[in-house]
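Colleague: Single-letter residue listing:
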Amino acid sequence: AQSVTQLGSHVSVSEGALVLLRCNYSSSVPPYLFWYVQYPNQGLQLLLKYTTGATLVKGINGFEAEFKKSETSFHLTKPSAHMSDAAEYFCAALTNQFYFGTGTSLTVIP
Amino acid sequence: GAGVSQSPRYKVAKRGQDVALRCDPISGHVSLFWYQQALGQGPEFLTYFQNEAQLDKSGLPSDRFFAERPEGSVSTLKIQRTQQEDSAVYLCASSLRDGVYEQYFGPGTRLTVT
Chain A
282 AQSVTQLGSH VSVSEGALVL LRCNYSSSVP PYLFWYVQYP NQGLQLLLKY
332 TTGATLVKGI NGFEAEFKKS ETSFHLTKPS AHMSDAAEYF CAALTNQFYF
382 GTGTSLTVIP
Chain B
78 GAGVSQSPRY KVAKRGQDVA LRCDPISGHV SLFWYQQALG QGPEFLTYFQ
128 NEAQLDKSGL PSDRFFAERP EGSVSTLKIQ RTQQEDSAVY LCASSLRDGV
178 YEQYFGPGTR LTVT
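Chains A and B, in that order, give the protein sequences.
Reminder that position 69 of the first sequence reads as 350 in the numbering used here, one-by-one numbering, no gaps.
Reminder that position 28 of the second sequence reads as 105 in the numbering used here, one-by-one numbering, no gaps.
Chain A on its own, in the form it takes in the complex (with noise of 0.2 Å):
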């Protein structure tokens, strides 16, 4: 079975500093894999997806990710932390159906 783990359920950074937030997927087939951010009450948004192709994403809000197939991994960097990225953050594996990772509570520190 599918299982996404995000390493960190709370990570702090100071404003202008790089944010890296880690995901890890477990399948014996590559899947489809999506970063998506949690505003308080607020549903889910997407920030940037891995299909096929170019193995470094680019998103929304300056993200990237970079899928690593022999370190199963699609962590989320940033390189300079605003404020307005104090969110929840879930990675998700999409195979047969979506797999969420319990999310990682990112805090900006001004």
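No wet-lab data here; the hints were simulated from the structure.
Treat the hints with caution; some may be incorrect.
As the list claims (entries may be wrong) - Over the 10 Å line for every Cβ pair with chain A, so calculated as not near, a few chain B residues:
no., residue
1, Ala79
2, Lys91
3, Glu148
4, Gly149
5, Ala165
Claimed, not checked - Here are some chain B residues pointing at chain A (derived, C-beta under 10 Å):
no., residue
6, Gln83
7, Arg86
8, Gly117
9, Glu121
10, Phe143
11, Phe182
Stated by the list, open to error - If you want the ones that stay clear, here's a sample from chain B, every Cβ over 12 Å from chain A, calculated:
no., residue
12, Val89
13, Ser104
14, Gly105
15, Ser135
16, Phe142
17, Val151
18, Lys155
19, Gln160
20, Gln161
21, Ser164
22, Arg187
The beta-carbon is built from N, C-alpha and C at its ideal position, and this holds for glycine as well.
Based on these hints, arrange chain B on the given structure of chain A.
Modeller: Chain B in isolation, oriented as in the chain A frame:
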């Protein structure tokens, strides 16, 4: 344009009551999904419709959970004889069609069973 809407946004039910949660997908979206998100967890798949056909209900936790989409647009998730463990946020998502298409999520319904 209008996104996915869900109603009610908040629902408090006494244990044993039946509840019905509504989802209005984006117009023209073929696929509709229901997820359950427990506190501190990621969304977990419940069920999936393609138009009016329920193609996958493997995630429904018990036979107290029932979903329908009779005309291929609005969907209702019904929970009978609610239990405390049913307390969660119920998310609905729609996508244009099957396959690797973006799922657009609604804001969710927060169900609290007392």
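Colleague: Could you work out which earlier hints the structure fails to respect and list their numbers in ascending sequence?
Modeller: 10, 15, 22
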